[in-house]
Amino acid sequence: MKTKQSTKAGAPASFVSNNGDDLKSVSSQTLVDAYEKLRDQSEPSNGSRTYPKLCVLHGTAFEREKDRREVREWASRCPAEMQKWYEEARHQSCLWWLKNHLVAKRALSSCIACGVCTSQCPAAQYYGEYNPRAIVDAVLSEDEDQLVALLKSDLLWYCGQCGSCKPMCPRENNLMGLISSLRFLAQLKGYHLYSVRGRQQYAMRHLCGGNLWNRACTLYFRNPVAANHPDFGPRYAQYHSQAECQMVRVGASPDRPGQFGGRKLPPETLTEFRSCVAGGGTLALWNQLEKSASEDAEKKGLSIDEYHDRVNHEG
Amino acid sequence: MAVAATIPLGTIKEIPENDFFLTPSCILGVFNPGSEVLIGRIYDLLGLRWRAAGDRAESQCTCCTGFSSHGEVISIESTLLVAARIWSIAAELGIENITTACVTSYAIHNECLEMYKHEPGLDERVDRWLLQACGRRLHFPKHVVHASDILYRYRDVLAEKFQHRLVERRTGQPLRVVDHVGCHYAKVFPEKSVGGAEGCDVLAAMIRAWGGQTVDYPERRHCCGMGFRQCAIRPNRGYTMACVLKKLESMEPWKPDLILTNCPGCNVFLDKEQWAILQMTGKEYDIPTLSYTELAGLLLGWDPYDVVGIQSHTVPVEPLLDKIGIPFDPSKQWFSETSGA
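Protein chains in written order, with the working numbering: chain A, 1 to 315; chain B, 1001 to 1341.
Don't read these hints as lab results, they were simulated from the structure. Hints are supplied without guarantee of correctness; some may be wrong.
As the list claims (entries may be wrong) - Below, a list of computed lysine-lysine pairs in the DSS-like style, where the Cα atoms sit at most 25 Å apart: (1) 105(A) <-> 189(A); (2) 189(A) <-> 299(A); (3) 300(A) <-> 189(A); (4) 152(A) <-> 53(A); (5) 1117(B) <-> 99(A); (6) 1117(B) <-> 105(A).
Just need the whole structure built from these sequences, with the hints factored in.
Given below as structure tokens:
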């Protein structure tokens, strides 16, 4: 906490333009304080209170570095039994997980190999090599080697979590829940690094996880910038360029207090929300994802920011 | 193939009459904010008693974690705690009925409720964890329903208040509307949807009550392909586009005037990927996509830009307004550079 500040990092107000390496020598407390000061700086606008600095914080290397440190420290003083459970679960076998994880243990009762899950599956129609029954077979095999191979494969990451398989299964299996649970295990064990699609989870952790941790939402209205959504076309680019004004126009609350989209939550609500996230053991996953990403980045000769950008565009 | 009213017996769910706690949607708020705000406006119009945690100056209500849960970056226990915290806020307000703006939230809340039924001792554990985390206690809601359930219940009451109907004003013929029910509304817990997974009637009943004609087509129940980590990570979006293309190709022979959705994600991707599909295939489908609240708002005669916010859609909705006879001023669509946008 008393680390000398880097000359590279500059004054706290300029942290938003620094990369993760620049910020490494800045103390965690300084990072968190600078972030919260910017986050909670309000200004009156058209009779309401707004938080104009929010728009420069999201998705920055500053936010990611702050989150790495803050999450590590929260986890180190978090007494949650589920955090300990997940930290220990990563050292157990895949079979143990299937018998003990809250979702996995009830997801699959039996399979009559009717194939209806595959016939209904949009992912199986798109990805030629994908067949959800292969996942069922691997799980029912109770063969640890087969399960490890599955957890290291691309196959695990193709499911779109739509649940089209669920109402059709004559055994009422919860395949989407099973796959989700296995993906969680793959990340805890670091097996996701073997798959180009698994590695994308580091980007998901900082996109969705960053929004959860800092804004108590999964998607923030400034996330889907037009440059990252060429598939949405020029009309979307025009809309997004004036999204804040358009949201205010229809009664939403971008970067200001309110009930609907884009609202700024008060710090005490964010603290309650974070305590729930931590209490359920999620920080064990996030810390493990950081550790895996850091090791993989080093192996590939990349900085952690370069690694984050690469996995976001690979696949 | 026009579809008559069909709800299989035994699949008419119990939808509470009044007193709702409304939880917002991350995706709807980002992409179609007018659609989300319209839920409250329509509840008010119906005279319903409803609250959101944001009835205080600053909202205590948070994301349900659904997108992150299906993107596998949050544990199921964290999701259980976040849902329990939301239920606790509703209970503080004296409300037993949760209505969600998002279909994934709807499935998440229901999934959490189901887990307590099947996992002995889970309620005691979550209650203890919740108390430790934020000093709250576990209170189960009586009902978890989607906001489209409420509009379904009051579809005829709303129709009486409409200024317009789903009818082509020049010919007097009903407009042809395809419904696209969100997978997490009808497929995850089909027994909790209006009509089940295959015969889901929640949107089709609105279409009929509001003067339109529902149109069946082979890929009616196919997913829009949002896929959470599929749409969020750029290299995976081909999956989303392929799903949308499959649906558009399948519905096109029936010449639909409109795609009607109840899922925030479907409302985005069935609309916006039509541009990408035009670039890839040269085929211009140009089928407007609206949510059930956006459609209700337009038929009520509310301003298309200032209230409904149709400018957030990629496929222009104005041709549909022309067909129905809803007036609009296209100069109001965008803010000019000098107007402070």
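**OP:** For the pair we were handed, residue 152(A) and residue 53(A), check the Cα-Cα distance against 25 Å.
**Re:** violated, 41 Å
Original post:
Does the structure keep residue 1117(B) and residue 99(A) at a Cα separation of 25 Å or less?
Top reply: Given pair residue 1117(B), residue 99(A) holds - Cα atoms ~18 Å apart, limit 25 Å.
Subject >> residue 1117(B) paired with residue 105(A) [C-alpha distance capped at 25 Å] >> reply: Holds, at about 15 Å.
Original post:
Would the pair residue 300(A) and residue 189(A) pass a check requiring their Cα atoms to be no farther apart than 25 Å?
Top reply: holds, 20 Å
Original post:
Does the structure keep residue 189(A) and residue 299(A) at a Cα separation of 25 Å or less?
Top reply: Holds, because 18 Å separates the two Cα atoms, which is no more than 25 Å.
Original post:
Does residue 189(A) lie within 25 Å of residue 105(A) when you go C-alpha to C-alpha?
Top reply: holds, 18 Å
Against the hints set out earlier in the document, a violation occurs for number 4 only.
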